[in-house]
Amino acid sequence: MQVRNRGRNRAFTLVEILIVVVILGILAAIVVPQFTNAANDARGGNVTTQLQTLNNQTELFAARNNGEYPDFDADGWGDDATAGTMIGDDYLKTAPSNPAWNPDDNGGALATTVETVGAGVFGSVTSAWVFNTDTNTLYASYYDEVNGVITTTATD
56 MQVRNRGRNR AFTLVEILIV VVILGILAAI VVPQFTNAAN DARGGNVTTQ LQTLNNQTEL
116 FAARNNGEYP DFDADGWGDD ATAGTMIGDD YLKTAPSNPA WNPDDNGGAL ATTVETVGAG
176 VFGSVTSAWV FNTDTNTLYA SYYDEVNGVI TTTATD
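The sequence shown begins at 56 in the numbering used here and counts up by one.
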């Protein structure tokens, strides 16, 4: 006697489909955080590069101006019409933007804001960039220079 398969379709069972969905969910949970870290690492690298360039340009400014550093308090980064500033005198084309800065979290202040600070200060909650007059060095707020990562506090 021969048994016939009468029109029964071969398909995946509900259990098999659920197993595949669970496996895909586990893989997604492992992979997605790695992409998030890669984006933060890239932003951190961007800040590092900008800081190197900006500090080189402030040193060049001082060398051309008898050891005087830019007066960020007077005019921020400056503009083409203002003498003795960073913008327009072959130092910077435009005001740099700090990728670690979020205006929504910082009272709407632009990512290009800069202020002058004294000894021991390396960040600000009101300015994206700070120029430390003790070390004559620019720092990026919300950026940990030692570890090269974006932080959640302005003074790391």
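Simulated from the structure, these hints should not be mistaken for laboratory data. One or more of the hints may lead you astray.
[As the list claims (entries may be wrong)] For each label pair, taking beta carbons as the anchor points, the in silico distance ranges come out as:
{"no.": "1", "residue 1": "79", "residue 2": "191", "range": "48 to 56 Å"}
{"no.": "2", "residue 1": "69", "residue 2": "149", "range": "54 to 62 Å"}
{"no.": "3", "residue 1": "190", "residue 2": "119", "range": "14 to 22 Å"}
{"no.": "4", "residue 1": "171", "residue 2": "93", "range": "15 to 23 Å"}
{"no.": "5", "residue 1": "96", "residue 2": "71", "range": "36 to 44 Å"}
{"no.": "6", "residue 1": "171", "residue 2": "115", "range": "12 to 20 Å"}
{"no.": "7", "residue 1": "89", "residue 2": "174", "range": "33 to 41 Å"}
Beta carbons: idealized from backbone N, C-alpha and C, even for Gly.
So, going through the hints one by one against the coordinates:
1. A hinted range of 48 to 56 Å holds for the C-beta pair residue 79 and residue 191, which are about 54 Å apart.
2. A beta carbon spacing of about 59 Å between residue 69 and residue 149 agrees with the range 54 to 62 Å that was offered as a hint.
3. Judged by the Cβ atoms, the range 14 to 22 Å given for residue 190 and residue 119 holds: they are separated by roughly 20 Å.
4. As the Cβ distance of residue 171 to residue 93 is approximately 35 Å, the hint placing it in 15 to 23 Å is violated.
5. Between residue 96 and residue 71 the CB atoms are about 38 Å apart, so this pair conforms to the stated range of 36 to 44 Å.
6. The hinted window of 12 to 20 Å between residue 171 and residue 115 holds, with their beta carbons roughly 19 Å apart.
7. In this structure the hint that residue 89 and residue 174 lie 33 to 41 Å apart at CB holds, the actual value being about 39 Å.
Hint 4 alone, counting from the list given before, is not met by this structure.
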